[in-house]
Each structure stands twice: as structure tokens, then as C-alpha cells.
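Engineer: Chains as they are written, first to last, in this note's numbering: chain A, 1 to 159; chain B, 1 to 275.
Worth flagging that the hints you see were computed from the coordinates, not collected in a lab. Among the hints, a few may not be true.
Okay, derived cross-link-like pairs now, SDA-like style, lysine to any residue, Cα gap no bigger than 20 angstroms in a straight line [stated by the list, open to error]:
(1) B:K163 - A:K111
(2) B:K29 - A:R36
(3) B:K147 - B:L23
(4) A:K111 - A:L89
(5) B:K147 - A:L89
(6) B:K36 - B:Q186
(7) B:K29 - A:V35
(8) B:K29 - A:L89
(9) B:K163 - A:E37
(10) B:K29 - A:V50
(11) B:K163 - A:G43
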Amino acid sequence: MNFAENQPIYRQIARRLEDEVVAGAYGEDERAPSVREYSALLGVNVNTVVKAYDTLAQDGTIQQRRGMGYYVTPGARQAILARRRDDFLSRRVPEFVSEMKRLGVGVADIKDAFERPDHLGTVRKEKAGQHTVIAERRDHLGEVAEDRPGQRPGAADTI
Amino acid sequence: MIKIQNLNFGYRKAWPVFENFSLELPEGKVYGLLGKNGTGKSTLLYLVSGLLRPWSGTVETDGYEARERRPEMLSEVMLVPEEYDLPAISLERYVKINAPFYPNFSRELLEGNLREFELGGDINLGRLSMGQKKKVIISFALAAGTKYLLMDEPTNGLDIPSKAQFRKVVAASMTEGRTVIISTHQVRDVDTLIDHVVIINNREVLINSSLDALASSYRFEIRQSGAPADDVIYAEPSLQGNYVIARGQGSGDNSFVNLELLFNAVTVGALNVQQ
Numbered sequence: 001m002n003f004a005e006n007q008p009i010y011r012q013i014a015r016r017l018e019d020e021v022v023a024g025a026y027g028e029d030e031r032a033p034s035v036r037e038y039s040a041l042l043g044v045n046v047n048t049v050v051k052a053y054d055t056l057a058q059d060g061t062i063q064q065r066r067g068m069g070y071y072v073t074p075g076a077r078q079a080i081l082a083r084r085r086d087d088f089l090s091r092r093v094p095e096f097v098s099e100m101k102r103l104g105v106g107v108a109d110i111k112d113a114f115e116r117p118d119h120l121g122t123v124r125k126e127k128a129g130q131h132t133v134i135a136e137r138r139d140h141l142g143e144v145a146e147d148r149p150g151q152r153p154g155a156a157d158t159i
Numbered sequence: 001m002i003k004i005q006n007l008n009f010g011y012r013k014a015w016p017v018f019e020n021f022s023l024e025l026p027e028g029k030v031y032g033l034l035g036k037n038g039t040g041k042s043t044l045l046y047l048v049s050g051l052l053r054p055w056s057g058t059v060e061t062d063g064y065e066a067r068e069r070r071p072e073m074l075s076e077v078m079l080v081p082e083e084y085d086l087p088a089i090s091l092e093r094y095v096k097i098n099a100p101f102y103p104n105f106s107r108e109l110l111e112g113n114l115r116e117f118e119l120g121g122d123i124n125l126g127r128l129s130m131g132q133k134k135k136v137i138i139s140f141a142l143a144a145g146t147k148y149l150l151m152d153e154p155t156n157g158l159d160i161p162s163k164a165q166f167r168k169v170v171a172a173s174m175t176e177g178r179t180v181i182i183s184t185h186q187v188r189d190v191d192t193l194i195d196h197v198v199i200i201n202n203r204e205v206l207i208n209s210s211l212d213a214l215a216s217s218y219r220f221e222i223r224q225s226g227a228p229a230d231d232v233i234y235a236e237p238s239l240q241g242n243y244v245i246a247r248g249q250g251s252g253d254n255s256f257v258n259l260e261l262l263f264n265a266v267t268v269g270a271l272n273v274q275q
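Chain B with its partners taken away, still in its complex shape (with noise of 0.2 angstroms):
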């Protein structure tokens, strides 16, 4: 369970990202963060990772307070963030250096991982490109065996096909009680690997919901222009006419959630679901 209560943070005091800020995420789910540029995703992850202490409030990792850096809460939590330099050593030193704080470390997915990515044979992590460095840090990131992955816009510099082959080590890693975040304005690149959307925006949390509830509740499809719009919420101009969300009729006929125009709607005010 990640527990952040009454969240207070910024980079400079007269500009603070978040404030009065809470949140609760219960484990064992693959949690979307979505946000515009800017709204403190990032933070928000460094934060429950304990890389950035709040000025004020608790920010709780399984169960412990994350700015004080426990080895234990360490061992449990993975943070891929956006951007890093990887040292120009082999990728088998790397390992043997970084493997051991993570005692669930598996050798054999870690592996698993890098074939599927198509990356093989003896790495040194000084001559990798950018998205090969993403592919390495991410297959080493899914086999540590940790509680919590934390991973921020991990798509960014993948090429399509590394698209696909994330969703797929992202999915072959998902075990029971293992909750992963992945932040990102990307939501194309991971829709069908959430289960739970989270939508910040203006230091407020806009939506927090499974997609199961989202699409109960709402329905999104196409409908022609000039149709009945009682119902509708939001509507967003489509080839084929219009995109809209729609109140749900409860049907328990589920729709397809299109995270784009839920995170149009919400940050445009028409929409804000919590639960």
C-alpha cells in the first residue's frame, strides 16, 4: 500500500507542487498516472520512492515512511526513472553490483526480459543507444523482485516495436501483490496493461478508478453528429463523427475506456471520479 496523507511539496517555497495533497493506492494493481507536463508525476514517484522528502505530510511505502530510506522499504521498491546515465561497464557487472540489495532478484527473468527485447550476448552499457539503455534498465528493473515498480514515462524513446515487447515484459512480470505505477502522457503505449487510472492535474487528483468502474459507469464511443446527446459529457470531433463519453446505462455492458479522451474530459473539468 502506498499511504500519502495531507502531502505538502515543492521545489521552491513559493511554488509548491503539492499541497494538502492525498492519496491512497492499495498493492497488488498497475496503476496509470497520468498528468500534463508539469503537474508533479515525477515528484510524486520520487517522493514515494524516498528520493525527495514532503516539507510536510506522510508519504507511506509498504508501511513504512518513505523519507526515511529503510533498507527494508528499499529492497522493495524499484524506481525507472525518465532519464539516467548507466556507467560504461558490462551489463554482468552491473548485475553483480546492483542484483544484491534486491533479494528477489531473478537472473533468469532478467533474461527473459532482454531477449525479448531483442538484446543478447555480452552488453556494455556505455555503447548502448538510448532506447537500448530503456530496454536494459527496464528488464533489469521487472526481474528485481521488488513490491513496488515505480516507472516513469517508460515508453519515451522506444521504437514502435519495443512498444509492444514493454507491454509484454510488463505483463509476464505482474505477480500476485506486486503493484506497479507507471507514469505517462503516453496512454496509448499502456492501455491495456492498467487496471486503475490515475489523473492529476492543478495539485488535485481528478480521477482515481479502476478502468472496470470507468467503464461501467461510462460509456465511450462514436456517435454521428447530430445524435441524441442528453447523456453525453464530453465529445471530441472524430473522422467517423463524434468521439463521446456518455453516462453509462448500467447495463454492466462494458466499453472500451479510451484514456485519451477520459484525460481530455478531465482536465478540461467535465469529469471527476473518485473512489
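So that you can see chain A by itself, here it is in the shape it has in the complex (with noise of 0.2 angstroms):
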């Protein structure tokens, strides 16, 4: 695993695991993998990896659970996406609207983004196989999220 420098390395482990929650590669109530298995796994120090696992236990992603490891907490997949949410929200909207003010951005165009198929597309495809995490996104904007990936023309399957 390659690791940025913004941020230390020991979050940017939790935060690989909680994708990996959100993704359901580790069910909710399901064993995560030990510290061990997973300091082997991306070649990171152990010690690096337990600290690591001590925010994620604090923040109710995990649990340990005497003398079997640490599992994964039921809601954990909801409480890490409203997480996602509130930081998106409290932190980047502010940063991507005052750089809209800066460069003269409006709502418009934004809408026009959003709203855009091939946008979508991209999101879509990005995140094959994932459908949850698109109904989520979906179910959030307020729109229904009746269609399913793959379905819409030319979105999923194109390059």
C-alpha cells in the first residue's frame, strides 16, 4: 500500500478499513481482519496498526471482543457514511464554495454538473459492484434511487 504524506499513516489505515466497511467487504457483526493479518497484509508496523484500531474502536467502528479480535459494530456501515456526510459538509462544501466565489462559479453550473448522465456515469462506474453506496449517495440528494447501475445507456458499461 502507498501512503500519503498529508496525514498520518496510522488514519489513513483506519480509513482504508472503513472503506472497507462501507463497501461490505466486512460485513456489520463479522470479524475484521487481526492486527496482525493486517500489518502483514499492507507491510506496515504492528504497533502502527494497533493505533489504528484504537480510533476506529473509539469512534464504534470496530469492537473487541475478548480472546476473538475485533468485529465489526452493527451500524457501523450508517455511522461512518453520516460521518462522511458531516465532514463533507461542515469542511470541503465551505472550501468548494468560496473557490465557486472565487472563480465565479455559480449554483447553476453546479446543477448542471450534477445533473449531467455522463456525470453519473462516472460515479457509476467507479464504484462497480458497490450499488449500495450509490443508493446511499442517491437516497441522500433526495432522489430516488430506482434505476440500477448498469441499466442506464451507455453509462456503466462505456469507458
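Got two chains here, separate frames each, mind docking them using the hints?
Structural biologist: Rendered as C-alpha cells:
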């Protein structure tokens, strides 16, 4: 795994496990990889993984069960998405908005980009196999998630 | 524990490598031993494993004076030198000859490591490339199960995918109480593996600190040129702005420790951390 330099490694590891929980690689109430397994998989010092798991346990994403290792907490997926949504709205949207203002980009431009079908197509393609994530997004955006990935003509199967 | 006290050593009388040098490395950690070429990184590893003897002062490894090379110590110390020759025999035979010196040697680990490195089958040690030899010797060293594992520039000669494999096999073989010292100037290859960094320069220990402590006392970040720099200890230009080391604000919001930047800062004298 390659790590970015703008964040401590333990955070990046925690984020990776969160991503995997969101994607359903580790279901709720299922066993998460052990510290040792994860450290070997990523080629990272065991103590760094311990630190990552500590923050995940503090956030309630995983729980340690005595003698059995770590398990994904029921409801963790929703909680992660809620936290990320909060973070997105409170931190990234304001940055985005001030950049919009600086560049003279209007809400209409954004709305336009937002509703462009090929834009959604791109998202869908990147998240292929993660239907639930898309449903989540669209729910959140107040849209009805009625069409399934791959059904929109020219969306999921084009390059 | 590795305990070095008032060490004096050199290869020539007029040119000591270490003068009154002291260093203690508690067990159970992965140490990154960094230093410019010729600062004595390899020499230190040889002294710790008993291959060299101090002029004066003591080097204790696991409670034994390393210079005495007692079997009890040697069976718990493994050194992977930077360069070595392997005999032109089969791996099978090599293992048969060498494994008995290491009571905790694990065949299973050896095979797992070789598999990770994509080496398998009947290996003739005489017919391997330098990189492959390195993989074999590292696989064997990790499988030996010694309490102390010293590796001198282990990623030299490894190609890019092998470096990731190297990190995996080392991470997988870290057991409780095991002490690993990796001497390197290729810090990028090991920066996710180590939890403690020792930097030596001009016969002195300039940094001896856990990465955690560094991450909470200092911030490693990119700043736009022209941004306030009151707290900046060291800066290097980068494509995005200046890559700086600044005094941390004790927010507990840990930073990514950029070892390269740290190393450069230390060798120009901008920073000195002892714990």
C-alpha cells in the first residue's frame, strides 16, 4: 500500500478499513482482520495498526471481543457514512463554495454538472459492484434510487 | 536490550569511527538506523552482533557482551549484511547446515517468506541474481526466529515490487519482544515499518526517538511560500510550496513523519532529539 504524506499512516489505515466496511468487504457483526493480518497485508508496523484500530474502536466502528479479535459494530456502515457526510458538508463544501465564488462559478453551473448523465455514469463506473453506496448517495440527495447500476444506457459499460 | 556504553572503535588508529559513543535500544521495536555513508551504521551492527570488537567500552546484546560471542547470544542474533556470498549449494542444504544454530527456526515461515517473494521450488543458491540472493537470505533470517534481527541496507538490490514484499514479510514476522534494526539510507523503503528512528552523524546520535513522539512534537507539512514561518525549524522547496518541519502545537493531531526531511534537517543541525 502506498501512503500519502498529508496524514499520519495510522489514520490512513483506519480510513482504509472504514472504506472496506462501507464497501461491504467486512459485514456488520463480522470479524475484522486481526491487527497482525492487517499489518502483514499492508507491510506496516504492528503498533501503527494497533493505533489505527484504537481510533476505530473509539469511533465505534469496530469492537474488541475478548479472545476473539475485532468485530465490525452493527450500524458501523451508516455511522461512517454519516460522519463522512458531516465532514463533507462542514469542511469540504465551504472550501468548495469559496472556490466557486473566487472563480465566479454559479449554483446553476453546479446543478448542471450534477445532473449531467455522464457525470453520474462516471461515479457509477468507479463504484461498480458497490450498489449500496450509490443508493446511499442518491437517497441522501433526495433522489429515488430506482434505476440500478448498469441499466442506464451508455453509463456503466462504456469506458 | 542493546546497550552500548562509551564505545571507542575504528578500523585505523588515527581515524576512529566511534568515540565515547553510547546508545540504548530497548527490545520489541523496529528501529530505523539512519546516517550518511561512512557514519558507522554497518560497523555498529557488526559490533552488536560480535563480528567486531570495541577498542574500549562495552557493547551488550541481550545481556551478553557481544565481543565474547557466546553461543547463547549468537543463537538469538541474526545479521543480514549488505553484501555476502552464498555457497553454490541448494537452499535445502543451506537450511540443513544453518538452521540448527537457531532453536526457533521455522520451516513454515521460511516457505511463507519465499512464497511472498515469489521464489519457490528447488533453489540453487549459486545461480541466483543479487536481488534473489537478498530475498533468500532475508527469508531465512526472518524465519530463524532470533530475538534480534539486524539488517544492513536490506532493500539495496531489490526491485520496486520486491520492496513492498519486503515490508510485508518483515511486518508479518514481527513477534512480541523481537527487536529489529534496519540500517538504511533508503528511508522511503522502510518508513511504514519502523517505530523508532536513530540518526547518527559525525560520531554522534542526533536523533533517538519514537516516530510517535516526533509526530506529536513536530508538524511535517507543505506550506505556501510566503506563509508565516515563525514556528518553522527547517524547510525545503517542493513542487507545491515549501515542505517544512515546524514545532507542533501539542494538539495531539499527529503528523506524517517524513523521514527524508527529518534526516536532512538533522544532518544540517536544525534538529536534535534525544529521548
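Engineer: Hints first: check each against the structure and report whether it holds.
Structural biologist: Verification of the supplied hints:
This hinted pair does not check out: K163 (chain B) and K111 (chain A) have alpha carbons roughly 46 angstroms apart, beyond 20 angstroms. Distance hint between K29 (chain B) and R36 (chain A) is fulfilled; the C-alpha atoms sit about 15 angstroms from each other, no more than 20 angstroms. Distance check on the hinted pair: K147 (chain B) and L23 (chain B) sit about 19 angstroms apart at the alpha-carbon level, within 20 angstroms; holds. With a CA separation close to 17 angstroms, the supplied pair K111 (chain A) and L89 (chain A) stays within the 20 angstroms bound.
Restraint check: the Cα-Cα separation between K147 (chain B) and L89 (chain A) comes to about 50 angstroms, which exceeds 20 angstroms; the hinted pair is violated. Proximity of K36 (chain B) to Q186 (chain B) is assessed by CA-CA distance (about 11 angstroms); at most 20 angstroms being required, the pair is judged to hold. Taken as a hint, the K29 (chain B) and V35 (chain A) pair is honoured in the structure, with Cα atoms around 16 angstroms apart against an allowance of 20 angstroms. Between K29 (chain B) and L89 (chain A) the CA atoms are separated by roughly 41 angstroms; this puts the pair beyond 20 angstroms, and the hint is violated.
Straight-line distance between C-alpha atoms of K163 (chain B) and E37 (chain A) comes to about 19 angstroms, which keeps the hinted pair within the 20 angstroms bound. Restraint check: the Cα-Cα separation between K29 (chain B) and V50 (chain A) comes to about 14 angstroms, which is no more than 20 angstroms; the hinted pair holds. Under the criterion of a C-alpha separation no larger than 20 angstroms, the hint pairing K163 (chain B) with G43 (chain A) is consistent with the structure, at around 10 angstroms.
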